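The hints should help you fit chain Z onto chain H, whose structure is shown.
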Amino acid sequence: MSAAQKRQTAAFFILGFATMLVVIPIILTMAYVVFKGIGAVNWSFLTEAPRNGMKEGGIFPAIVGTIILIIGTMIFSLPLGVLAAIYLVEYAKDNFFTRLIKLSVVNLSGVPSIVYGLFGFGLFVLFLRLGTSILAGSLTLAIMSLPVIITATKEALESVPASFREISLSLGATKWQTIRNCVLPYSIPGILTGTVLSLSRAAGETAPILFTVAAFYLPRLPHSVFDQAMALSYHLYAIATQVPNIPPKISFATAFVLIALVFLMNLGSIILRARFRKKKLW
Amino acid sequence: MDKAVIETIRLNLYYGDFLALEEVNIRIHRHRITAIIGPSGCGKSTLLRCFNRMNDLVESTKVEGQILIEGEDILSDKMDLISLRKKVGMVFQRPNVFNLSIYDNLRFGLRIHRMMSEKKKIDEAVQNALEHVGLWDELKDRLKKNARTLSLEQQQRLCIARVIILKPDIVLLDEPCSTLDPVSTLKIEELLRILKRDYTIVIVTHNMQQAARVSDETAFMHLGKLIEFAGTAEIFSNPKEKLTENYISGRFG
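If you read the protein sequences in the order shown, they are chains H and Z.
Counting with the numbering used here, you get residues 41 to 322 for the letters of the first sequence.
Counting with the numbering used here, you get residues 106 to 358 for the letters of the second sequence.
No lab work stands behind these hints, which were simulated from the structure alone.
Being a predicted model, the structure only gives us computed values, none of them experimental.
Where hints are given, some of them may not hold.
[Claimed, not checked] Straight line, CA to CA, 27 angstroms or less: simulated DSS-like cross-link-like pairs of lysine-lysine: (1) 301(Z) with 347(Z); (2) 224(Z) with 250(Z); (3) 245(Z) with 215(H); (4) 318(H) with 249(Z); (5) 76(H) with 95(H); (6) 183(Z) with 225(Z); (7) 183(Z) with 215(H); (8) 167(Z) with 133(H); (9) 250(Z) with 318(H); (10) 345(Z) with 330(Z); (11) 250(Z) with 225(Z); (12) 330(Z) with 167(Z); (13) 215(H) with 272(Z); (14) 249(Z) with 292(Z); (15) 345(Z) with 192(Z); (16) 245(Z) with 330(Z); (17) 226(Z) with 249(Z); (18) 215(H) with 192(Z); (19) 272(Z) with 226(Z); (20) 330(Z) with 292(Z); (21) 224(Z) with 272(Z); (22) 292(Z) with 192(Z); (23) 224(Z) with 192(Z); (24) 133(H) with 250(Z).
[As the list claims (entries may be wrong)] From the derived model, a few chain Z residues whose C-beta atoms are all more than 12 angstroms from chain H: (25) 175; (26) 194; (27) 268; (28) 289; (29) 342.
Glycine included, each C-beta is placed from N, C-alpha and C at the ideal position.
The shape of chain H in the complex, shown without the other chains (with noise of 0.2 angstroms):
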């Protein structure tokens, strides 16, 4: 074997290397997580409350409060933040204002969860006199998917072909109908990707719910937008660590029903992408 076959043998394996030290741990944890948590999932722990302390019963509260948080979350951040992306990228001019202004979104994105959990509680808890409510906890979970939306959506559009404005203006088109009818049909997979991965962080967090949302125990389903609510992440940080002499069995059958949950709005995006891309054309 010559000297730079050698060479070529070493990187292989040390690429590989470095792969399976991502991939291995993932994929152990997530065995461990099903293996030990499945037997106790059934209808019964899906669809029930929790009683006697939440060592027993179900989880449901947290599921729904969960489901109720994901989609407050993006009723706010995904409007705002397709459409903050819209005017960065198409209307804003290139200056040292914009590149500030971007600079900041990439670096939000960076932010720790628990500093926005405070913020949150800062402004919206207290300043706002939102209380811990479904209303605060979803502004909080939606800063902070922001960033990451805006920086998706930006890539997406970005990533359309000049030619394809070109058409649309040099015909007499007004910016904004370019946009709307030959720009963003086509960012759609880019900007549902990014949605999907910023909820799907937001759906596991648990420091930005803390103090704005999270109920401890709360074995029923909210009332309103102003009701605290249960949470999946918040509760199995509170059955893990705070209640004593819960069966493990619990605490792993819920970090199976939140993996599953991220899995499966993540499988969806998936599907939802593969239809749209059939009519990206580049």
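Then chain Z, alone, in the frame of chain H:
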């Protein structure tokens, strides 16, 4: 007859610091085909894109001088780009039909300009435009089919139809045949000769034979300057400038 439809007066255009057009004075006449030829990067497409202000899309562009279209200064701040581009249509190098049906491709312009609302009128306009570009007989039974399923030549014809359905005065074509085979190219040229009865046509081409075949007047550009502009026969048989002669005899470019 001498009245120019498009006239530029001492036109300079900069991309940033780069001077892409220098002191261009040209008068383009009604119902004629004017070809702009020259080597790559000579500014011929840039000049063409001045006439419907597509250069505005490039952020660092600066234009000096005047461009008059039917006597109106289109570089003025008051110029309405929407009506300008409706009046001065453009066909691009690649047949860039929308990923929509043939019918919707043609309806797009009508819709954005809110020109017609009655279905009967729109159908009529669509038929008219397709007849004009010689596509009606082939396509009348499949107007709902996606335009991208057509051949490249048909797509380019459709692009021309999409422009003329808006009833422009001027049609600009930017190397419209560069992605087509020779037979399709000849057919498009034939179409241009028919269209010149109703429209003023300006065509940019890197194909000298095409300019010789199709145009009435030819402009030769080099390094951002308009070197020579005269009747096509004259340019090709008896060029006045040495540069023009070298170019058309194939010595550079």
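We went through each hint and held it up to the structure:
Among the hinted pairs, residue 301(Z) with residue 347(Z) is inconsistent with the structure: their alpha-carbon atoms are about 31 angstroms apart, more than 27 angstroms. The hinted pair formed by residue 224(Z) and residue 250(Z) meets the criterion: a straight-line CA distance of about 18 angstroms does not exceed 27 angstroms. Between residue 245(Z) and residue 215(H) the CA atoms are separated by roughly 32 angstroms; this puts the pair beyond 27 angstroms, and the hint is violated. Proximity of residue 318(H) to residue 249(Z) is assessed by CA-CA distance (about 18 angstroms); at most 27 angstroms being required, the pair is judged to hold.
The hinted pair formed by residue 76(H) and residue 95(H) meets the criterion: a straight-line CA distance of about 17 angstroms does not exceed 27 angstroms. A distance of roughly 35 angstroms separates the Cα atoms of residue 183(Z) and residue 225(Z); the hinted pair therefore is violated under the 27 angstroms criterion. For the given pair, residue 183(Z) sits about 17 angstroms from residue 215(H) by alpha-carbon distance, which is consistent with the 27 angstroms threshold. About 15 angstroms separates the Cα atoms of residue 167(Z) and residue 133(H), which keeps this hinted pair within 27 angstroms; it holds.
Of the pairs offered as hints, the one joining residue 250(Z) and residue 318(H) holds, with about 16 angstroms between alpha carbons and a cut-off of 27 angstroms not exceeded. Taking the CA atoms of residue 345(Z) and residue 330(Z), the gap is about 15 angstroms. The hint holds against a cut of 27 angstroms. Annotation: proposed proximity of residue 250(Z) to residue 225(Z) holds, straight-line Cα distance about 20 angstroms (limit 27 angstroms). This hinted pair checks out: residue 330(Z) and residue 167(Z) have alpha carbons roughly 16 angstroms apart, not beyond 27 angstroms.
Only pairs whose Cα atoms come within 27 angstroms are accepted, and residue 215(H) paired with residue 272(Z) is accepted, the gap being roughly 21 angstroms. The hinted pair formed by residue 249(Z) and residue 292(Z) meets the criterion: a straight-line CA distance of about 25 angstroms does not exceed 27 angstroms. Of the supplied pair hints, the one linking residue 345(Z) and residue 192(Z) is violated, its CA atoms being roughly 34 angstroms apart against a limit of 27 angstroms. Restraint check: the Cα-Cα separation between residue 245(Z) and residue 330(Z) comes to about 45 angstroms, which exceeds 27 angstroms; the hinted pair is violated.
Distance hint between residue 226(Z) and residue 249(Z) is fulfilled; the C-alpha atoms sit about 17 angstroms from each other, no more than 27 angstroms. Simply put, residue 215(H) and residue 192(Z) have alpha-carbon atoms about 18 angstroms apart, close enough for the 27 angstroms limit, and the pair holds. A hinted pair counts as satisfied when its Cα atoms are at most 27 angstroms apart, and residue 272(Z) with residue 226(Z) qualifies at roughly 14 angstroms. As the CA atoms of residue 330(Z) and residue 292(Z) are separated by approximately 31 angstroms, the hinted pair breaks the 27 angstroms bound.
For the given pair, residue 224(Z) sits about 18 angstroms from residue 272(Z) by alpha-carbon distance, which is consistent with the 27 angstroms threshold. A distance of roughly 25 angstroms separates the Cα atoms of residue 292(Z) and residue 192(Z); the hinted pair therefore holds under the 27 angstroms criterion. Simply put, residue 224(Z) and residue 192(Z) have alpha-carbon atoms about 23 angstroms apart, close enough for the 27 angstroms limit, and the pair holds. Among the hinted pairs, residue 133(H) with residue 250(Z) is inconsistent with the structure: their alpha-carbon atoms are about 39 angstroms apart, more than 27 angstroms.
Taking the minimum C-beta to C-beta distance to chain H, about 17 angstroms, the non-interface status of residue 175(Z) holds against the 12 angstroms cut. A beta-carbon of chain H is positioned within 12 angstroms of the beta-carbon of residue 194(Z); the least distance is around 7 angstroms. The Cβ of residue 268(Z) does not lie farther than 12 angstroms from every Cβ of chain H; its closest approach is about 7 angstroms, which violates its non-interface assignment. With a minimum CB-CB distance of about 20 angstroms to chain H, residue 289(Z) clears the 12 angstroms threshold, and the non-interface call stands.
Distance check for residue 342(Z) against chain H: the nearest CB is about 35 angstroms away, which clears 12 angstroms, and the non-interface claim stands.
When the structure is compared with the earlier hints, violations turn up for hints 1, 3, 6, 15, 16, 20, 24, 26, 27 and for no others.
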